[in-house]
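FYI, the numbering for the sequence shown is -20 to -1, 1 to 181, going by mature numbering (1 follows the signal peptide of the UniProt record, and there is no 0).
If you're looking for bench data, these hints aren't it; they were derived computationally from the structure.
All C-beta atoms in this analysis are idealised placements derived from N, C-alpha and C, irrespective of residue type, glycine included.
Watch out, some of these pointers could steer you wrong.
If you anchor each label on the Cβ, the simulated ranges turn out as follows [to be verified]:
| no. | residue 1 | residue 2 | range |
| --- | --- | --- | --- |
| 1 | Gly172 | Arg52 | 21 to 29 Å |
| 2 | Pro180 | Gly23 | 29 to 37 Å |
| 3 | Arg52 | Ala18 | 14 to 22 Å |
| 4 | Arg19 | Arg82 | 20 to 28 Å |
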Amino acid sequence: MNRIALTFAALGTFALSACATAPGPVQVTRFVAPEASARLGEGTIFLAGSGAQDTDSLALMPYKSAVAAQLRALGYTETDRASARQIATVTLERYVQTAEGRRSPVTVGVGGRTGSYGSGVGVGIGINLGGGERDKLGSELSVTIRDAASQANLWEGRADLRVPDNSPLAQAQANAQTLAAALFSDFPGNNGETIEVEVPK
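Could you put the whole structure together from the sequences, leaning on the hints where they help?
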C-alpha cells in the first residue's frame, strides 16, 4: 500500500482543534478501465446520485459539490445529463465504528436515510456515542465515471475516512472536501491500487 501526504487548501477555514484526536489517513482505492486514461479528465460530465440517494439530497449535496470542484480542476466541464459525454455517480455511506471495532450505518439526518449525516449546513448528528474510548464516525465516498453513450465504466474510486465525533472533519463540508481531495489526488491513479492519504493535523 502506498502512503502519500496531501495538502488540503480547501480546508483553510476548518482549523483543527488542538484538543481533538488526530484523524487517521484516508484510505483510497481506485480502478481504471484499460485504455480509459486518455479519456479521463476532459470533456463534459454530469454528476448524479445513486440509488436511494436523491440527486438533490441535502446530505449528499456537500459531497457532490466537493466532487464537482475536483472534476473541474482536472479539466472537466459540468453540464446537464443530455449533453454530457461522461456520467459521474456519487455515493455516500456514513457509519459508526465502535471502540470494539464494530461498524454500523448511521441512520440520522435528512429523511432518516441510512448513511445520511446532518444537513450539509454544519448540523451535527446529535447522537450519543457513549463514554470511554471515543467511537469514530466513518465516511465512505464512492464515485464511478462511465461513458454516457455505452454506459461502460471508465473509472471507479472510493475514499474512506474515520474521525472522532468531536473532530472538525466530522462536519459535512470539511468531511466532503477532505474525502474528495484524497479521492482525486494523482488522478486517475493505478488500477486496483490502494493508497493512504495523510490528513493534515
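Checked against the structure, which of the hints given earlier come out wrong? 4
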